[in-house]
Amino acid sequence: MMPVGRWCGVAAAGVAALMAGALIATPSQAAGDGAEIYLVQALPGRSLDVTIDGKTVAEGVAAAKVAGPFDVPAGSHRVSVADGDQVVVEKSVEVGGNDSSDVVVHLPAPGESEPVMTVYQNDLAAVPADKAKLTVAHTAAVPPADITVNGKVLFRDIANGEALDLIVPVATYTIAIVPTGQEKPVYLGPLTLTVTGGALNRVYAVGDPEQKTMNVVWHEIDVPTSGSQAPKRIDTGTGGQAAALNSGREPLLWVDLTR
Amino acid sequence: MGRSDALIGLALAALVGGLVSCAAGTDPAAPVIGGSPAVVAGERSSPEPARPGTQARSQVERFAPEELVLPGRARAPVVPVVTVDGELKVPTAPDRLGWWDGSAYVGDPFGATVIAGHVDSATDGLGFFAQLPAIEVGDQITVLGDGPRQRYQVTSVRSIAKNALAADGDALSQTGDHRPVLITCTGDYHPERGGYEQNLVVTAEQRSRQGSGD
Numbered sequence: 001m002m003p004v005g006r007w008c009g010v011a012a013a014g015v016a017a018l019m020a021g022a023l024i025a026t027p028s029q030a031a032g033d034g035a036e037i038y039l040v041q042a043l044p045g046r047s048l049d050v051t052i053d054g055k056t057v058a059e060g061v062a063a064a065k066v067a068g069p070f071d072v073p074a075g076s077h078r079v080s081v082a083d084g085d086q087v088v089v090e091k092s093v094e095v096g097g098n099d100s101s102d103v104v105v106h107l108p109a110p111g112e113s114e115p116v117m118t119v120y121q122n123d124l125a126a127v128p129a130d131k132a133k134l135t136v137a138h139t140a141a142v143p144p145a146d147i148t149v150n151g152k153v154l155f156r157d158i159a160n161g162e163a164l165d166l167i168v169p170v171a172t173y174t175i176a177i178v179p180t181g182q183e184k185p186v187y188l189g190p191l192t193l194t195v196t197g198g199a200l201n202r203v204y205a206v207g208d209p210e211q212k213t214m215n216v217v218w219h220e221i222d223v224p225t226s227g228s229q230a231p232k233r234i235d236t237g238t239g240g241q242a243a244a245l246n247s248g249r250e251p252l253l254w255v256d257l258t259r
Numbered sequence: 001m002g003r004s005d006a007l008i009g010l011a012l013a014a015l016v017g018g019l020v021s022c023a024a025g026t027d028p029a030a031p032v033i034g035g036s037p038a039v040v041a042g043e044r045s046s047p048e049p050a051r052p053g054t055q056a057r058s059q060v061e062r063f064a065p066e067e068l069v070l071p072g073r074a075r076a077p078v079v080p081v082v083t084v085d086g087e088l089k090v091p092t093a094p095d096r097l098g099w100w101d102g103s104a105y106v107g108d109p110f111g112a113t114v115i116a117g118h119v120d121s122a123t124d125g126l127g128f129f130a131q132l133p134a135i136e137v138g139d140q141i142t143v144l145g146d147g148p149r150q151r152y153q154v155t156s157v158r159s160i161a162k163n164a165l166a167a168d169g170d171a172l173s174q175t176g177d178h179r180p181v182l183i184t185c186t187g188d189y190h191p192e193r194g195g196y197e198q199n200l201v202v203t204a205e206q207r208s209r210q211g212s213g214d
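Note that the protein sequences, when read in sequence, are chains A and B. Just so you know, the first sequence maps onto residues 1 to 259 in my numbering. Just so you know, the second sequence maps onto residues 1 to 214 in my numbering.
It should be emphasised that the hints constitute simulated quantities derived from the structure, not laboratory data. Heads up, some of the hints might be wrong.
Computed list of chain B residues with no C-beta within reach of chain A, every gap over 12 Å [claimed, not checked]: (1) 51; (2) 62; (3) 81; (4) 126; (5) 147; (6) 149; (7) 187.
Derived DSS-like pairs (lysine-lysine); straight-line CA-CA distance at most 30 Å [as the list claims (entries may be wrong)]: (8) A:55 <-> A:212; (9) A:232 <-> B:89; (10) A:65 <-> A:232; (11) B:162 <-> A:232; (12) A:65 <-> A:55; (13) A:232 <-> A:212.
Selected chain B positions facing chain A (in silico; Cβ < 7 Å) [as the list claims (entries may be wrong)]: (14) 45; (15) 58; (16) 79; (17) 87; (18) 91; (19) 93; (20) 108; (21) 175; (22) 178; (23) 206.
Here the structure is a predicted model, which is why all the values come from computation and not from measurement. Here a beta-carbon is modelled for each residue, glycine too, at the ideal position from N, C-alpha and C.
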């Protein structure tokens, strides 16, 4: 008999006594404290099986695909992606109650070799129904980059693992990814992206231009609605005193420097 | 402490991802209930944590307006206001301004940030925006949040018919470049026809990055 194994058994049983109450008494994540995980497969040329805490939750996830969401209890989880028998990345992911997270497996920045697992929290704050929260993340094998939207740099100097948020009106946008501060080479694009209103739109730049595998991956999560509709009238004067002050003035002129 | 307790304990410990670390190695004599290949594979310490995704430094912090400063340093508080039945519910007190809560925040790349206020009120006299007709193209205005601020330069001052406001391409639109749009009433006052018939629309544009403090 191995003392270490026995110690494991004894200690685990003690923990089990504590945990049994929590696990059995909350029959499902619908009880309110569970979390969800999306798995973004951003490793080009791979078809990967996804395992959470030893349980396979998705098989054969191709590159540039999003699997899930998977419901998990709050806490720490072992997330693993494997190519057949070979584990490609395995890391521990901590999630809080009611969290929504994107777990992304992706290429590292140039100069590093190991695939990376990066976890992004999904901010599910409300947006107006005719707007989109657009979060663009850099998970590609390129140096820090700018992302242009309709020709203008709207996301500046993002490095591998980083992300930037913008709230934009619903529209179709032309985007391109270039080295930060420069206009070429174009790592990816131009390509068009139509955002979904009333939702978090998660977009990932993925791949390696030297392998010709650059791509974007995206998915959307509905969020609550904030803000009221556009007014048809703005009535902002009930006394007439200002008119009395201004009577006799010249009519207002329209002078516009911008057009 | 029975053997069955130990078995349940090991299975639960595997499920919750290594609450108990048995880093010294496995016990080949300890059976595993429902064990996945990962459990018998060997190392039992938790894997390293995944990397947290972070925000790039260039992230612009967006904010809803809380105060407006006009040329001459006149200031007024701004509160969020809603549209009800097509009418923007601007604060009754004419010394307070309303920011339409469906319009752009300061820091958004597109859309009008609409701030409206009474030019006057039957009960409270002249409002903060009674001075708005005196504003000129090129004047500076500042929109403040709780801490951050953004300066703008006025690019147009227009008077349009109230019933043309909604169709105006610039005043309320949430597309086009980000711009603050200040709106009040102007022109002649005709109580028998409901009062003012014109909206004064002042548009400004951002010339530099926002600052904070000072």
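Under the constraints set out in the numbered hints, which ones does this structure not fulfil? As far as the earlier hints go, 1, 2, 3, 4, 7, 8, 10, 13, 14, 16, 18, 19, 22 and 23 are violated by this structure, in ascending order.
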